[in-house]
Amino acid sequence: MASYILKRLSQTFIVLLGISLVTFILMNVVPGDPVLLMLEKRATPEAVERIRREMGLDKPKTTQYLNFVAGAARLDLGRSYFTKEPVMTALSRRFGVTLRLASSAYAIAMVVGISLGVASALQRGRVFDSLIRGGAVLGISAPVFWVAIILQMVFGLRLGLFPISGIRSPNSFVLPAIALGLRYVASISRVTRTSMLEVIGQDYIRTARAKGLAERVVILKHALKNALIPIITLAGTELGNLLAGSMLTEWVFSIPGIGKLMVDSILMRDLPMLQGTVLYVAVVFVVSNLVVDISYAFIDPRIRYARGD
Amino acid sequence: MSGAPSGVLLDVRDLKTSFVMRRGAVRAVDGVSLSVERGETLGIVGESGCGKSVTALSVMRLVAEPCRVEGEILYGGADLLKLSMTEMRKIRGNKIAMIFQEPMTSLNPVLTVGTQISEVLRLHEGLGRREAMERTVGMLASVHIPMPDKRAREYPHQMSGGMRQRVMIAMALCCRPDVLICDEPTTALDVTIQAQIISLIEELKSLTGSAVIMITHDLGVISEISDRIAVMYAGRIVEEGTKMELLTDPLHPYTVGLLNAVPRIDRDLAELRVIPGMVPNPALMPEGCGFRPRCGHADRVCLRMPELLPPDGRRGQHRVRCWKRRAEPSGDGSA
Ligand SMILES: Nc1ncnc2c1ncn2[C@@H]1O[C@H](COP(=O)(O)OP(=O)(O)OP(=O)(O)O)[C@@H](O)[C@H]1O
Ligand SMILES: [Mg+2]
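Chains as they are written, first to last, in the working numbering: chain A, 1 to 309; chain B, 1001 to 1335.
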């Protein structure tokens, strides 16, 4: 088990190195001279040259990359062109906000999604099942910003129940979390339903019933734990999606998280900041994959023993 | 309620089980009656698809929905078919336990075998976690699993098919059930393991005093351990009697065919005959006797369903469902 985790960690490290290279290349092919962007139009050529030197932009690209990696390893991603704030500080400040949003959305998705999926499987073929499945199709295909705007109009403006922008109170997260979480509720409930139906037909479920166990125990202890394996795969990737894909939601609800920071940096061509947010997204994906792989091993003894020591 | 005869533990009367399909109901078990006494082993034989598993599952009330189960299943003074699900659960795994045909898939892959056995003890005997686990280890030892305390912490995938079936037996017997239903416990295992499992069931039966219903399509197994034998064909019992009656004096052409199909040392292989044809699909059951299309003796009288009756002029427990039963009519004018 430990050796398996160690192996996956070292793989992750290599992937991260690759990502840093790709990010660096992307930033360098973006058109526009960052120094010119930073300075006013009337800056003298000497001033431009001096700043270029200060930022290390006069060095060869390989040196620039190595410096970038060395910086990143020390958690130093440079400073914003505009606010001069260190990128890392901005990221960590805003990560807290995004994390709150994403984890609320995630909690909604997991709790509501799994419950609906299990209920739908148990009610297979009945009206409730059809409603849930129809709802899931809608939930998956509805665009996030559209859902967000509808929520704002109905619960924010018409009913006045929740704030529609900013993060002044904990209530401010309700509508954004629902908007962001909805499609994940839908996808998780679908996978849960399919997976539960497959598991319920297995011989060991019949064995569990033959022991005299209550149906609740059969479903929650014997069936759900087996059904969880495909759900975890999805849930792990979805956690990455949620943390990295909150841009539209943050934008519509004016939530100062990393998604909004990214959109803002694109609009302002704040390259170091953009680079930082891109790197953040990549790291989130890689780490969530790692977590998924390791949690498989905890749930499924067959994997634990096959890959372990 | 009509009380069961004394000594009878489980008394199944006129059991009819149908599956509700898109194109109407399909009757897989059609009027089966059987009973077992304390300490007795009843063998049920029959070809694949004749309704053995469905009969067993009906007794446990575990037949896959949508289905309809009719008749009476009398146990402990009550009709199991009339019990609430809560009452039925107190009987399952406790008073009546079942071992399934498929040892490889009948255990839950994500729970240790110890958990799966001790769960039964905790449920029915109200034991705590520790006590239940101690009893579990004891049970594993009694089914001859080496290093039982280590094995209890293992998962099913770490065990062979024979081991898993031993675990299933331990699980089924841990609450000392009155009735143990074994649905082809050895079919999926190789021959040497089969013999071990059968003798294990025998051994434990004598310890717990359970009645055993042993389902199989292997007459060899049945003739080894049964006291009485019921032969099933196409959802019905076509012949039943004591082991002696059935093996030495088979009456139904199907039973005769089954016995002829068993290889025996004292007979030439050339004599070995397989019954031609196949078990009819329950959806396309022939009119009258179900065995008629495959029977060499069938004639017009077989277009009506014969009843399961004692052969004429004979005593004992022997019953046969055939118009052509071997004994000649006793000349009372009914022929
Ligand atoms: N869930 C079900 N739905 C519909 N038909 C079923 C179902 N289960 C069993 N049957 C049908 O009922 C009949 C009896 O099946 P059963 O499983 O009892 O046979 P069996 O005697 O146990 O055979 P085997 O030796 O192969 O286990 C078969 O024709 C089968 O197709
Ligand atoms: Mg069967």
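It should be emphasised that the hints constitute simulated quantities derived from the structure, not laboratory data.
In this text the structure is predicted, and so the values were computed from the model without any measurement.
A few of these clues could be false.
To be verified - Derived lysine-lysine pairs resembling BS3-like cross-links, with alpha carbons at most 30 Å apart:
#, chain 1, residue 1, chain 2, residue 2
1, B, 1150, B, 1095
2, A, 59, A, 84
3, B, 1243, B, 1095
4, B, 1243, A, 225
5, A, 225, B, 1095
6, B, 1016, B, 1243
7, B, 1016, A, 7
8, A, 221, B, 1324
9, B, 1243, B, 1150
10, A, 221, B, 1243
11, A, 221, B, 1150
12, B, 1205, B, 1016
13, A, 225, B, 1090
14, A, 84, A, 221
15, B, 1205, B, 1324
16, B, 1243, B, 1205
17, B, 1205, B, 1095
18, B, 1090, A, 221
19, B, 1082, B, 1095
Said to hold, decoys possible - If you only want the chain B side, here are some residues facing chain A, beta carbon under 8 Å, derived:
#, residue
20, 1062
21, 1079
22, 1083
23, 1089
24, 1093
25, 1098
26, 1100
27, 1102
28, 1109
29, 1120
30, 1122
31, 1123
32, 1127
33, 1160
34, 1187
As the list claims (entries may be wrong) - Facing chain B, according to a computed beta carbon distance under 10 Å, are these residues of chain A, among others:
#, residue
35, 210
36, 226
37, 230
All C-beta atoms, glycine included, are put in the ideal place defined by N, C-alpha and C.
How the hints compare with the structure:
1. B:1150 to B:1095: 29 Å, holds
2. A:59 to A:84: With Cα atoms ~22 Å apart, residue 59 of chain A and residue 84 of chain A stay inside 30 Å; holds.
3. B:1243 to B:1095: 26 Å, holds
4. B:1243 to A:225: Judged against 30 Å, a Cα distance of about 46 Å means the pair is violated.
5. A:225 to B:1095: Holds: residue 225 of chain A and residue 1095 of chain B sit about 28 Å apart, inside 30 Å.
6. B:1016 to B:1243: 26 Å, holds
7. B:1016 to A:7: Outside the cut-off at roughly 59 Å; violated.
8. A:221 to B:1324: 54 Å, violated
9. B:1243 to B:1150: 41 Å, violated
10. A:221 to B:1243: 43 Å, violated
11. A:221 to B:1150: Status holds; Cα separation ~23 Å.
12. B:1205 to B:1016: Since the Cα atoms of residue 1205 of chain B and residue 1016 of chain B sit roughly 29 Å apart, the hinted pair holds (cutoff 30 Å).
13. A:225 to B:1090: 24 Å, holds
14. A:84 to A:221: Not OK: residue 84 of chain A and residue 221 of chain A at ~54 Å, beyond 30 Å, violated.
15. B:1205 to B:1324: Outside the cut-off at roughly 38 Å; violated.
16. B:1243 to B:1205: 18 Å, holds
17. B:1205 to B:1095: Holds: residue 1205 of chain B and residue 1095 of chain B sit about 14 Å apart, inside 30 Å.
18. B:1090 to A:221: It holds: about 19 Å lies between the C-alpha atoms, which stays within 30 Å.
19. B:1082 to B:1095: 17 Å, holds
20. 1062: 6 Å, holds
21. 1079: 18 Å, violated
22. 1083: For residue 1083 of chain B, the interface hint is violated, since the closest Cβ of chain A sits about 12 Å away, which is over 8 Å.
23. 1089: With a minimum Cβ separation of about 4 Å from chain A (threshold 8 Å), the hint on residue 1089 of chain B holds.
24. 1093: 4 Å, holds
25. 1098: Interface hint status for residue 1098 of chain B: holds (5 Å vs cutoff 8 Å).
26. 1100: 6 Å, holds
27. 1102: With a closest approach of 5 Å, the residue 1102 of chain B hint holds.
28. 1109: Holds, because the Cβ-Cβ distance from residue 1109 of chain B to chain A comes to roughly 7 Å (cut-off 8 Å).
29. 1120: 5 Å, holds
30. 1122: 10 Å, violated
31. 1123: This hint holds: residue 1123 of chain B lies near chain A, its Cβ roughly 6 Å from the closest one there, short of 8 Å.
32. 1127: Check failed: Cβ of residue 1127 of chain B comes no nearer than 14 Å to chain A, outside 8 Å.
33. 1160: 15 Å, violated
34. 1187: It is violated, given that the least Cβ distance between residue 1187 of chain B and chain A is near 14 Å, above 8 Å.
35. 210: 5 Å, holds
36. 226: 6 Å, holds
37. 230: Given a least distance of 13 Å, the restraint on residue 230 of chain A is violated.
Taken one by one, the earlier hints fail for this structure at numbers 4, 7, 8, 9, 10, 14, 15, 21, 22, 30, 32, 33, 34 and 37, listed in ascending order.
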